[in-house]
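Colleague: Chains as they are written, first to last, in the working numbering: chain A, 374 to 487; chain B, 395 to 504.
Keep in mind the hints are simulated off the structure, nothing from the lab.
Every residue gets a Cβ at the ideal spot worked out from N, C-alpha and C, and that includes glycine.
Fair warning: there could be bad hints in the mix.
[Claimed, not checked] Here are some, though not all, of the chain A residues that point toward chain B, as calculated from beta-carbon distances under 10 angstroms:
(1) 404
(2) 406
(3) 410
(4) 415
(5) 416
(6) 448
(7) 457
(8) 461
(9) 464
(10) 473
[Stated by the list, open to error] Cβ-Cβ distance ranges computed for the label pairs, FRET-style:
(11) B:474 to A:438: 38 to 46 angstroms
(12) B:410 to A:389: 50 to 58 angstroms
(13) B:474 to A:376: 24 to 32 angstroms
(14) A:427 to B:397: 19 to 27 angstroms
(15) A:438 to B:412: 42 to 50 angstroms
(16) A:446 to B:421: 27 to 35 angstroms
(17) A:429 to B:446: 37 to 45 angstroms
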Amino acid sequence: ETGVTQTPRHLVMGMTNKKSLKCEQHLGHNAMYWYKQSAKKPLELMFVYSLEERVENNSVPSRFSPECPNSSHLFLHLHTLQPEDSALYLCASSQWAGNTGELFFGEGSRLTVL
Amino acid sequence: TQLLEQSPQFLSIQEGENLTVYCNSSSVFSSLQWYRQEPGEGPVLLVTVVTGGEVKKLKRLTFQFGDARKDSSLHITAAQPGDTGLYLCAGANNFNKFYFGSGTKLNVKP
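With the hints as extra help, turn the sequences into a complete structure.
Modeller: Structure, rendered in structure tokens:
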């Protein structure tokens, strides 16, 4: 099993659809993240879960809804998205110890909103 | 949000040349990482620096963390086409959060 796996790799949806992105980590880490990567913009931190509790919601619109049922799984539920939400959505995990940690990323889910 | 600025944004060089990428911020970070990302994939960690003034070498790559832990540089010696990719710096704070620079797109021509 690879460290962090994301499904689906590609998703096309209409503005009225409801879909979900899934992330699973096999590294035994204690924190999981959703990042958004758009062209010509830095990776934007969306959500952080530490020990299954959400510790960051970085002013993300409510049409994005995260869920972390356990330390290995992370979901991003999508509904009534806008075309500007088209981007690469990256999941990552880390083992935070003291004042340092390192991110391990999945391969991303490429989302296109029509 | 803690901003990191990377420069240059784009770099196209010939195989064998040297290059340096810079990552600057007004914020202090507990650690800083460099990642490389190839098209269609997620970023992959290259190195983590923690101590101000720290220098780490990874084969032809040399990473430096500024004394004040606000900036960093990545130097590549004798670049090869396999070094082509998007290089990202990321600063971490004490609360499990990582903030990324906008990236440097490197193209090494054979």
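Colleague: Each hint should be assessed against the structure and marked as holding or not.
Modeller: Cross-check of the supplied hints:
no.	hint	verdict
1	404	holds, 5 angstroms
2	406	holds, 8 angstroms
3	410	holds, 9 angstroms
4	415	holds, 4 angstroms
5	416	holds, 4 angstroms
6	448	violated, 17 angstroms
7	457	violated, 18 angstroms
8	461	holds, 9 angstroms
9	464	holds, 8 angstroms
10	473	holds, 4 angstroms
11	B:474 to A:438: 38 to 46 angstroms	holds, 44 angstroms
12	B:410 to A:389: 50 to 58 angstroms	holds, 54 angstroms
13	B:474 to A:376: 24 to 32 angstroms	holds, 26 angstroms
14	A:427 to B:397: 19 to 27 angstroms	holds, 23 angstroms
15	A:438 to B:412: 42 to 50 angstroms	holds, 47 angstroms
16	A:446 to B:421: 27 to 35 angstroms	holds, 32 angstroms
17	A:429 to B:446: 37 to 45 angstroms	violated, 26 angstroms
Hint compliance for this structure: hints 6, 7 and 17 are broken, all remaining hints hold.
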